[in-house]
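Protein chains in written order, with the numbering used here: chain A, 1 to 294; chain B, 295 to 513.
Hints in this document: simulated from the structure, not taken from any laboratory.
A portion of the hints provided could be inaccurate.
Below, a list of computed lysine-lysine pairs in the DSSO-like style, where the Cα atoms sit at most 30 Å apart [what the hints assert, rightly or not]:
1. B/Lys347 with A/Lys77
2. A/Lys259 with A/Lys289
3. A/Lys225 with B/Lys344
4. A/Lys77 with A/Lys65
5. B/Lys344 with B/Lys462
6. A/Lys246 with A/Lys259
7. A/Lys285 with A/Lys246
8. A/Lys205 with A/Lys289
9. B/Lys462 with A/Lys285
10. B/Lys500 with B/Lys462
11. B/Lys500 with B/Lys474
12. A/Lys285 with B/Lys347
13. B/Lys347 with A/Lys289
14. B/Lys462 with A/Lys65
15. A/Lys285 with A/Lys141
16. A/Lys260 with A/Lys246
17. A/Lys77 with A/Lys259
18. A/Lys225 with A/Lys246
19. A/Lys289 with A/Lys77
20. B/Lys474 with A/Lys225
21. A/Lys289 with B/Lys500
22. A/Lys205 with A/Lys65
23. B/Lys347 with A/Lys65
Predicted model, so just to flag it, every value in this text is computed and none were measured.
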Amino acid sequence: MDLNYNSMADLLSVADQNGGRLSSLVLSQQAEQMELSEAEIYEKMRENYQVMASSIAPGCNPELKSTSGLTGGDAFKMQTFSTSGHSLTGPMISGALYRALAVSELNASMGRIVAAPTAGSCGIVPAAVLTLQEERKLSEKECVMSLFTASAIGMVIANNASLAGAQGGCQAECGSASAMAAAALVELCGGSPAMIDSAVAIALKNVLGLVCDPVAGLVEIPCIKRNASGVAGAFVAAELALAGIKSAIPADEVIWAMKKVGDVMPAALKETAEGGLAATPTGRKLFEKVFGEK
Amino acid sequence: MNVFDILGPIMIGPSSSHTAGAARIGLITRALLDAPAVTANIILYGSFAKTYKGHGTDKAIVAGILGMRADDERIRFSLDVAREQGLQISIETGDLDDVHPNTAFVSLTSRDGRQVSLLGSSIGGGNILITKINGMEVSLSGQQTTLIVLHRDAPGTIASVTELMAEKGVNICNFHLSRKTKGGQAVMTIEIDGHFGPELNTEIQKLPNIYSSTMLQPI
């Protein structure tokens, strides 16, 4: 099979020709590439999904605190609000928000997570898939399979731009995670390859230019809340795409634009903690609070 | 690149370079000592030195020294575990020119007084590069099965090791040699393809002029 990850166009045209779900094609190709059986590859991905699922409950612990002491406990607040009947956005979006916060806060407190694609953006893909599984009563198998689709999108982005905040800003990190999550959501809802392309394009377009400006250089402020907005953006992109709305700019060109934007982004806004929120008076004060006494 | 480079690794947060990579540096040092450590001296450089407290870099390196892998949930409590096990730790920060921003020096002593030291950098995504072992320059990533052979700088020593490996059908994908002085201690770091059992290492240890040989499985 000549499935490759050089471009979204290549990837999705093979999916179109074969008529199957993108995830099944990716699974077969990966088994071939890694010289393992499909069952072995699937099992490894299932392990990832199980770690994702098991990170929600400890992440929602009201006592959770990050190593720096700056963050923790927001996932609990969001979960409580989500299930209170007063949620503004309903169980799907509010459920995704608390799960994204949970995984991300667990990461900040030295908990066990799956980099997806990075530790800083680890809440977005699990929150999207686990929430849809819960709300639509999907099988574990469908959900694990959707992670192959998400990964394929991540590989195309990695091949043409970057997944690292230090290279491309937050658009490359939480933005890529959001695009990957949007693709998984579209597949889980039975959308076509063309819809996946639009969902990826829309998710990335909506965060184009987002800078990486972590307060005190830690994966906490604003990263944790950007995981919440990243999963909300994935639902926006998937919902628009499933409605048949096309992205005017195809995903490959959006990825190209993201690379170009990342290239001209100043170093102060690429994970160095010298610009953006990190350079605000409060950002600097928080830095002093964590590292000041040394 | 494959799907598990995108979704994965399973790791302890918050940072693949400052936490997961740091744990792997500790783990490699522990593997080289090949025994529990009783003292550990750690010097952190660059970004490790500046931000280790917020990222738990110190806890991660100590966890590795205690034999915990990068996805072990006890990393958070590794300093307590070290205290319970009687491991004495000193952590300092330092300045060093021309090293990667995320670099650590780790020196360990075993109960019987043996000592190993290592300089390693966390180069992104949990990947590491070890650049010095016992003061000698090396280059290893820990991603391949790796043999670290300390030996006497004497004619034929390298040939005897590589001949043995050839006989066993082992393919070398990276070889690096470094020595302190002519005729003194030298180190070969040999990265190999595929997986081989500990017998290979045991046989290398029996060859002439070999002080020690350590086989590291990918970590």
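Hint check results:
Proximity of B/Lys347 to A/Lys77 is assessed by CA-CA distance (about 27 Å); at most 30 Å being required, the pair is judged to hold. Of the pairs offered as hints, the one joining A/Lys259 and A/Lys289 is violated, with about 35 Å between alpha carbons and a cut-off of 30 Å exceeded. Of the pairs offered as hints, the one joining A/Lys225 and B/Lys344 holds, with about 24 Å between alpha carbons and a cut-off of 30 Å not exceeded. Annotation: proposed proximity of A/Lys77 to A/Lys65 holds, straight-line Cα distance about 14 Å (limit 30 Å).
Between the alpha carbons of B/Lys344 and B/Lys462 the distance comes to roughly 47 Å, so the proposed pair goes past 30 Å and is violated. Of the pairs offered as hints, the one joining A/Lys246 and A/Lys259 holds, with about 22 Å between alpha carbons and a cut-off of 30 Å not exceeded. Pair hint A/Lys285 plus A/Lys246 does not hold up; C-alpha atoms about 45 Å apart against a cutoff of 30 Å. Distance check on the hinted pair: A/Lys205 and A/Lys289 sit about 36 Å apart at the alpha-carbon level, beyond 30 Å; violated.
Among the hinted pairs, B/Lys462 with A/Lys285 is inconsistent with the structure: their alpha-carbon atoms are about 61 Å apart, more than 30 Å. Restraint check: the Cα-Cα separation between B/Lys500 and B/Lys462 comes to about 15 Å, which is no more than 30 Å; the hinted pair holds. For the given pair, B/Lys500 sits about 22 Å from B/Lys474 by alpha-carbon distance, which is consistent with the 30 Å threshold. The suggested pairing of A/Lys285 with B/Lys347 holds, with an alpha-carbon distance near 16 Å, which does not exceed 30 Å.
Taking the CA atoms of B/Lys347 and A/Lys289, the gap is near 12 Å; set against the 30 Å cutoff, the hint holds. Note on B/Lys462 and A/Lys65: the hinted pairing is violated, with a Cα-Cα distance of about 52 Å set against a maximum of 30 Å. Simply put, A/Lys285 and A/Lys141 have alpha-carbon atoms about 47 Å apart, too far for the 30 Å limit, and the pair is violated. For the given pair, A/Lys260 sits about 23 Å from A/Lys246 by alpha-carbon distance, which is consistent with the 30 Å threshold.
Proposed proximity of A/Lys77 and A/Lys259 is contradicted: the alpha carbons are some 36 Å apart, above 30 Å. Of the pairs offered as hints, the one joining A/Lys225 and A/Lys246 holds, with about 28 Å between alpha carbons and a cut-off of 30 Å not exceeded. Restraint check: the Cα-Cα separation between A/Lys289 and A/Lys77 comes to about 24 Å, which is no more than 30 Å; the hinted pair holds. A C-alpha spacing of about 52 Å is found between B/Lys474 and A/Lys225, which places the hinted pair above 30 Å, so the restraint is violated.
With a C-alpha separation of about 56 Å, the suggested pairing of A/Lys289 with B/Lys500 is violated against the 30 Å cut-off. For the suggested pair A/Lys205 and A/Lys65, the alpha carbons sit about 33 Å apart, so the restraint of at most 30 Å is broken. A distance of roughly 14 Å separates the Cα atoms of B/Lys347 and A/Lys65; the hinted pair therefore holds under the 30 Å criterion.
Hint violations for this structure: numbers 2, 5, 7, 8, 9, 14, 15, 17, 20, 21 and 22, all remaining hints satisfied.
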